[in-house]
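Quick note, the sequences are listed as chains A and B, same order.
Under the numbering used here, the first residue of the first sequence is numbered 1, with each subsequent residue one higher.
Under the numbering used here, the first residue of the second sequence is numbered 1, with each subsequent residue one higher.
Keep in mind the hints are simulated off the structure, nothing from the lab.
Honestly, I wouldn't trust all of these hints.
Once the Cα atoms are required to be at most 25 Å apart in a straight line, the calculated DSS-like pairs of lysine-lysine come out as [what the hints assert, rightly or not]:
id : chain 1 : residue 1 : chain 2 : residue 2
1  : A       : LYS68     : B       : LYS57
2  : B       : LYS6      : B       : LYS57
3  : A       : LYS311    : B       : LYS130
4  : A       : LYS259    : A       : LYS245
5  : B       : LYS121    : A       : LYS68
6  : A       : LYS158    : A       : LYS200
7  : A       : LYS68     : B       : LYS80
8  : A       : LYS245    : A       : LYS191
9  : A       : LYS68     : A       : LYS245
10 : B       : LYS57     : B       : LYS80
11 : A       : LYS68     : B       : LYS6
12 : A       : LYS68     : B       : LYS130
13 : A       : LYS250    : A       : LYS191
14 : A       : LYS227    : A       : LYS188
15 : B       : LYS136    : A       : LYS227
16 : B       : LYS130    : B       : LYS57
17 : A       : LYS188    : A       : LYS200
18 : A       : LYS188    : A       : LYS219
19 : B       : LYS36     : B       : LYS80
20 : A       : LYS162    : A       : LYS188
21 : A       : LYS250    : A       : LYS219
22 : A       : LYS311    : B       : LYS6
23 : A       : LYS219    : A       : LYS251
24 : B       : LYS80     : B       : LYS6
25 : A       : LYS46     : B       : LYS121
26 : A       : LYS227    : A       : LYS200
27 : A       : LYS311    : B       : LYS136
28 : A       : LYS68     : A       : LYS46
29 : A       : LYS219    : A       : LYS259
30 : B       : LYS57     : B       : LYS4
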Amino acid sequence: MTEPTSTASQLDLDESNKTYLDANELILNMGPQHPATHGVLRVILKLDGEKVLGLECVIGYLHRGVEKIAENRTYTMFNPYVDRMDYVAAVSNGLGYCEAVEKLLNIEAPDRANYVRVILTELNRIASHQLWLGTHALDIGAMTPLFYTFRDREEILKIFEKYCGARLTTHAFRIGGCQYETYEGFEKDVKKFVAFVAPKIDEYEELLTTNRIWVERTKNVGVISAKDCIGLGVTGPVLRASGVKWDLRKKQPYAAYSKFDFEIPTGQNGDTYDRYLVRMAEMRQSLRIIQQAVDSIPEGPIMAKVPKVMKPPVGEIYHSIEAPKGELGYFIVSDGSTQPYRIRVRPPSFVNLQALDLMCRGQLIADVIAVIGTLDIVLGEVDR
Amino acid sequence: MVSKLKRQFGSGIEALTYLGQNYLNVDRSLIPNLLKILCDEEQFGYCVDITAVHYPKRERQFDILWILYSFERNERMRVKTQVADGEHIPSVVSIWSTANWLEREAYDMFGIQFDGHPDLKRILLPDGWKGHPLRKDYGIIQQDQEWVQINLGIESGQ
Chain A
1 MTEPTSTASQ
11 LDLDESNKTY
21 LDANELILNM
31 GPQHPATHGV
41 LRVILKLDGE
51 KVLGLECVIG
61 YLHRGVEKIA
71 ENRTYTMFNP
81 YVDRMDYVAA
91 VSNGLGYCEA
101 VEKLLNIEAP
111 DRANYVRVIL
121 TELNRIASHQ
131 LWLGTHALDI
141 GAMTPLFYTF
151 RDREEILKIF
161 EKYCGARLTT
171 HAFRIGGCQY
181 ETYEGFEKDV
191 KKFVAFVAPK
201 IDEYEELLTT
211 NRIWVERTKN
221 VGVISAKDCI
231 GLGVTGPVLR
241 ASGVKWDLRK
251 KQPYAAYSKF
261 DFEIPTGQNG
271 DTYDRYLVRM
281 AEMRQSLRII
291 QQAVDSIPEG
301 PIMAKVPKVM
311 KPPVGEIYHS
321 IEAPKGELGY
331 FIVSDGSTQP
341 YRIRVRPPSF
351 VNLQALDLMC
361 RGQLIADVIA
371 VIGTLDIVLG
381 EVDR
Chain B
1 MVSKLKRQFG
11 SGIEALTYLG
21 QNYLNVDRSL
31 IPNLLKILCD
41 EEQFGYCVDI
51 TAVHYPKRER
61 QFDILWILYS
71 FERNERMRVK
81 TQVADGEHIP
91 SVVSIWSTAN
101 WLEREAYDMF
111 GIQFDGHPDL
121 KRILLPDGWK
131 GHPLRKDYGI
141 IQQDQEWVQI
151 NLGIESGQ
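The following block holds chain B by itself, in its conformation from the complex:
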């Protein structure tokens, strides 16, 4: 499968294995075409999870991950790409409808913009909240004081 994908997409794909788990490190430009092919042609019909990891010291600060599963092959696959802060990434809601909430959560927690998402807004935090808590520069007791004062009527949430 990997060699077939490599032939199709050229050098932007790196296939790796760690602790028996396969993952593809791919170039950002291959998203979403590569994911679409994995879904349609390689039977990865179930998108388990979409998430991100923040590396503030890197130039391209965010890892975005799609964890996929194929019922036919009983196999998992992770697809990973890197984006810079503020850089947009295409949404995969049209491929897997489950991506809707998962992308909203990634946006909420990391501030990653998904292009083509039908309704990209916060999901766990309130709509007016400032900041994205799972970024490494967001402190563990940090809060949006202004939001807390206006909406909860208290000086501080701590």
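Next comes chain A alone, as it looks inside the complex:
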């Protein structure tokens, strides 16, 4: 968007000095109840006219003390709680937690369980990206994609529901594998979904990729360089859109990811448009992974032999996975008892949100909405 001439530059004030007190400086409060902040995020904007000079995020409205709860539950009992953090990608949360505890217990999930885990996690990645695309486009003013993406996301939720009975907070995995064997016709449903959704992704792209309003609203908006991303700890599609080819599924493969052939899509400019393209490409790569996994899913047990009472030996572990939003890590300390001594969740949304200030400086208020959308945050995970 073209920037209006700012009052500050008309008055010939030093633009680089952001702390000057000027009569034209305005503090604007946005949220916590605001439809475009995707939950209860409060942003305090410092404005010069319509231009953002800086901002501060106020978070914690959804804080439930998940890490404290963990210390008062057994390892098995805490498993469903992780779904309530990033509730649009509950399956990924569960995968990270179960794998971390398995490492601590020194057990390995059977092959078949790993394949089922990959299929469900990738389905969830597509669902998460679809939800992101619909709401992000809605924030910017394109209403149609929301209906398209929610219609198609429904098909994924139906598979989840048939598999484990829940649609959102699935609790799909158990420590040591998956509790449920796949239902009759699971492979068929998944294959049908892959064939169904591939052309739909083209459809979303048709609506947006060359749409002039979309391009104007997203190109060169919220630019962040690779160096800033790394310094700020930003991971996931945001990092990749800035040109860093880094994905934990490739770099430190977990579950069965090392067995599949897929690409890591990257962008160059690190702007909102590139992040959109990266996520669109990621959905296609996820479909590739699902297709391969469902074609080669091995027979065998779905659950490893797990002790009834889990008492991991004294020690600590950090395990992280590539969640749809970035690196999701679990740091678990065991004191040898049935309850974890400490669980620390390294949430991608929380860390990524810190980049909002940098990405919005010098942009317009309307772009703040676009940048919050493009960061793809879930407040349940930011606040935990």
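Let chain A serve as the given structure and place chain B on it in line with the hints.
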């Protein structure tokens, strides 16, 4: 790398491995110099997480951890040190800007003071809250009743 660091810093470093994960148990006096060298010279340019663990029975009650990652080496490293209750620790915001919120969270949850942090205040809990919930002596249903009564206008949050 470890032997090089040991030569530089002397005996304050203990290199350990558990379940294939490397970590350094270091003396508190080596922070932040050791972290700066890990970032600048050993390519650990990405600070994944900063967190703490509370051991109330120990003399130095808190473990503070920096989880680092190197893109060049594709390697993780944890640095761990022990501090006593009330003891300050240097902030690493000047090394990794991501430390800003992570240190604020550690302060919020454990009450650990980071020296040199640009704006060390609570992040998840409200500003006027008393107590640090992730300490072991803070009960699971414990709340700052006074804060709840004044700000929410209810007798109790339970």
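- Quick check: which numbered hints come out false for this structure? Hint check: 2, 3, 8, 9, 11, 14, 15, 18, 21, 22, 23, 26, 28, 29, 30 fail, others pass.
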